[in-house]
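Q: Now for the letters of each chain:
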Amino acid sequence: MIIKNQNIVDDDWSVLRLNENDTPEGVVVPSGKFIVPLKVWQAQRAQLQGRAEIGVWLNSDERAEALQDDLERFVLIAVNFPKFADGRGYSIAHHLRVRLGYRGELRAIGDVLRDQLFYMRRVGFDAFEPRADKDIHEALKGLSDFSVCYQGSSDEALPLFRRVRRGGEI
Amino acid sequence: MYRYDQYDLQLAAERVAQFSDQVRRRLSGELSEEEFRILRLQNGLYHQVHGYMLRIAAPYGLLSANQVRTLALVARRYDRGYGHFTTRQNIQFNWIRLEDTPAILAELAKAELHANQASGSCLRSITSDEFAGVARDEIVDPRPYAEILRQWSTFHPEFAYLPRKFKIAITGGGEDRAATGVHDIGLRVVKNAQGEVGFRVLVGGGLGRTPVIGTVISDFVPWQHVLTYLESIVRVYNEYGRRDNAYKARIKILVKALGIEEFRRQVEADWEFTKDGSMTVTEEELKRVSAFFTPHDYAQLPAVDAGVEHLQRENKAFANWLRRNVKPHKTTGYAVVVLSLKKAGIAPGDITADQMDAVADLADRYSFGEVRVSHMQNLVLADVKQSDLIELWYAATELGLATPNIGLLTDVICCPGSDFCSLANARSIPLAQEIANRFDDFDYLHDIGDIELNISGCINACAHHHVGHIGILGVDKNGEGRYQVSIGGAQGNGIRLGQVIGSSFSAAETPEVLASLLSLYVRERHEGERFVDTVHRLGVQPFKEHVYKTATAVSLGLADEAASHAESLVACYDDPYFSPRF
Chain Y
1 MIIKNQNIVD
11 DDWSVLRLNE
21 NDTPEGVVVP
31 SGKFIVPLKV
41 WQAQRAQLQG
51 RAEIGVWLNS
61 DERAEALQDD
71 LERFVLIAVN
81 FPKFADGRGY
91 SIAHHLRVRL
101 GYRGELRAIG
111 DVLRDQLFYM
121 RRVGFDAFEP
131 RADKDIHEAL
141 KGLSDFSVCY
151 QGSSDEALPL
161 FRRVRRGGEI
Chain C
171 MYRYDQYDLQ
181 LAAERVAQFS
191 DQVRRRLSGE
201 LSEEEFRILR
211 LQNGLYHQVH
221 GYMLRIAAPY
231 GLLSANQVRT
241 LALVARRYDR
251 GYGHFTTRQN
261 IQFNWIRLED
271 TPAILAELAK
281 AELHANQASG
291 SCLRSITSDE
301 FAGVARDEIV
311 DPRPYAEILR
321 QWSTFHPEFA
331 YLPRKFKIAI
341 TGGGEDRAAT
351 GVHDIGLRVV
361 KNAQGEVGFR
371 VLVGGGLGRT
381 PVIGTVISDF
391 VPWQHVLTYL
401 ESIVRVYNEY
411 GRRDNAYKAR
421 IKILVKALGI
431 EEFRRQVEAD
441 WEFTKDGSMT
451 VTEEELKRVS
461 AFFTPHDYAQ
471 LPAVDAGVEH
481 LQRENKAFAN
491 WLRRNVKPHK
501 TTGYAVVVLS
511 LKKAGIAPGD
521 ITADQMDAVA
531 DLADRYSFGE
541 VRVSHMQNLV
551 LADVKQSDLI
561 ELWYAATELG
571 LATPNIGLLT
581 DVICCPGSDF
591 CSLANARSIP
601 LAQEIANRFD
611 DFDYLHDIGD
621 IELNISGCIN
631 ACAHHHVGHI
641 GILGVDKNGE
651 GRYQVSIGGA
661 QGNGIRLGQV
671 IGSSFSAAET
681 PEVLASLLSL
691 YVRERHEGER
701 FVDTVHRLGV
711 QPFKEHVYKT
721 ATAVSLGLAD
731 EAASHAESLV
741 ACYDDPYFSP
751 RF
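Same order as they appear, the protein sequences are chains Y and C.
The first sequence runs contiguously to residue 170 in this note's numbering.
The second sequence runs contiguously to residue 752 in this note's numbering.
Check each hint, because a few of them may be wrong.
No farther apart than 25 Å at their CA atoms in a straight line, the calculated lysine to any residue pairs in the SDA-like style are these [said to hold, decoys possible]:
hint, chain 1, residue 1, chain 2, residue 2
1, C, Lys457, Y, Arg166
2, C, Lys280, Y, Pro82
3, C, Lys335, Y, Pro82
4, C, Lys555, C, Arg652
Keep in mind the hints are simulated off the structure, nothing from the lab.
In this text, all values refer to a predicted model and were calculated from it rather than measured experimentally.
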């Protein structure tokens with residue numbers, strides 16, 4: 001189960017993570033819908049690019065630009081949060097959405113918790129796989145923490161001052 | 171000053187609900203302490219020596235009288251009847267119960283106050299010049315920009331989990347009263363040759379373990395572009411700032427590692443994508459926010475008040491107060507009054523709930539209902555009629571807020587130290603007290619004149635000791651708090667870092683070290699020369715030699731009086747220090 005477009009839905013994608021002994025070149029990507037690490041995509045591009053249902057995930061220390069020439073191939077890109085306090089994933093999402101214009105599914109994976117979901121959605125994530133030990137129904141509530149935002153971001157390009165007529169003193 | 175509209179109010183209410191729910195989940199065990207810690211810090215809630223400490227933001231140092239009353243209410247109802255103003259223009263309460271924080275935040279929100287981003291690895295609350303809008307040397311009033319920055323930085327979705335804290339300071343003065351050179355980003359409002367307003371942007375300044383003066387990344391960013399430009403700076407930092415070592419995680423380390431040219435290139439490359447985008451500030455928005463900061467309805471008054479002049483001649487205490495605590499105002503017949511929170515016997519920056527209420531009343535009566543918090547840990551009534559100065563002086567004296575020591579040795583900038591802070595290595599408040607006791611002769615203090623003494627209880631440098639004319643740093647040596655002394659630091663336009671004079675001193679020795687530094691200054695100074703200027707002229711060496719001669723005498727017990735004094739101090743330092751009020 002994941003959260004997608006503010007609903008809890010079934011999901012048939014699997015995230016491939018490399019074990020200690022795996023190499024990006026050698027690891028076998030099983031058939032089916034897999035989200036593979038960027039390094040695996042780069043190493044096995046020739047074999048993988050023919051497959052219809054392949055997603056790719058970026059770790060927080062990787063760059064969105066690495067996918068610049070491949071964006072149209074993917075219906076799904078994921079960004080991994082190794083720890084929820086590692087905020088690089090937010091800027092990766094910004095780059096994918098704003099700089100590179102990626103329009104497909106952008107999924108947050110890893111240490112994904114309720115209290116960060118709102119910000120994640122704002123910067124362009126539209127799918128979330130909360131950490132396995134957390135209640136996904138509780139996590140969903142995080143998306144509705146705020147109804148007002150000052151800044152423009154990926155979910156709403158216009159900042160508040162361009163969006164509404166703001167009042168003076170009340 | 172800025173007032174919330176329906177959107178600000180809605181957001182504030184939603185924030186209270188969000189944090190209240192986070193507290194509920196922590197108390198039920200749904201959230202682990204590790205998860206909650208980062209969430210509570212982003213709400214200014216630390217776990218300190220006495221339990222939870224709540225830091226409440228006074229955005230860019232500006233408070234309304236009613237907001238001050240709300241702080242008094244928090245002090246009285248939820249804490250021990252007093253609060254502590256900090257160098258970040260915030261106020262801290264030290265005995266907060268976690269269970270009470272939802273109720274406190276709800277009270278704060280009613281008064282348009284909050285604790286958002288008062289701590290944590292995020293964009294911290296913005297600081298500014300406490301004389302904004304009233305200073306004679308001001309080029310442009312920075313407050314509208316500070317408010318625009320406050321809103322931009324509040325819950326910025328991309329920058330809530332930065333490598334480390336991120337502090338922005340802004341000033342519009344000819345003189346920099348916001349220490350912009352020691353912030354992650356420092357903004358100086360400037361006008362270009364065409365008279366257009368923009369910002370000179372400094373980046374990578376900071377104190378702490380690795381003190382660095384910020385470097386100019388841009389001489390002129392037009393005001394319309396300030397948000398997108400700052401976003402690009404913070405984005406490059408978010409992506410490339412170190413996350414493997416907290417001591418090397420501030421932006422200053424990244425700027426040093428890349429070099430300013432490469433850092434600037436990366437920022438400008440990123441800016442290409444967002445410049446002129448939707449976050450470009452509009453004329454309309456600047457106009458809307460600026461309307462909250464238009465000059466008050468000032469009366470037409472004579473430049474001097476005869477009653478003030480008379481009392482100044484007759485009453486030395488009043489004259490001293492005028493000289494030290496009253497500053498020029500850009501409007502004829504008005505003055506800026508600094509209320510000193512540096513009275514002997516009181517921890518620097520501390521204020522009781524009763525005093526807060528009284529200050530709010532004074533603000534209503536004499537200063538258009540506004541109070542400013544200075545980064546020197548004093549309060550400011552910025553718009554006082556000259557003809558009200560006498561009444562105000564009597565009232566402030568009654569309240570213990572008229573110590574005529576602004577800018578003098580006893581106007582100590584002092585962090586809470588290990589009496590309150592779990593990061594500290596040494597106590598700073600008792601040392602500040604000891605200095606206040608040692609130097610209690612106002613004639614002597616006025617003769618020494620302008621000097622800045624900053625005492626930090628640890629290397630994190632909350633009291634900005636690196637830029638103090640005399641900086642004192644508490645260090646831990648085998649479990650004993652000792653004090654390293656530096657001289658020659660300065661803030662303002664000539665900002666520079668002080669130099670350590672040598673090995674550390676005991677708590678008892680340190681006031682004598684100051685006396686020794688000052689005695690050399692008195693001997694060597696030129697007419698009208700400040701302590702720090704004498705240090706810059708002569709260099710550190712003669713001061714160092716002079717001090718260690720004296721200090722050795724103290725340590726070896728050759729000066730009996732000093733030694734017995736030292737013993738009495740050691741005894742008193744063993745008592746836990748709770749503010750002298752209880």
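Q: Run every hint past the structure and note whether it holds.
A: Each hint, compared with the structure:
1. C/Lys457 - Y/Arg166: holds, 12 Å
2. C/Lys280 - Y/Pro82: violated, 38 Å
3. C/Lys335 - Y/Pro82: holds, 20 Å
4. C/Lys555 - C/Arg652: violated, 46 Å
The structure fails hints 2 and 4 (numbered hints given earlier, in ascending order).
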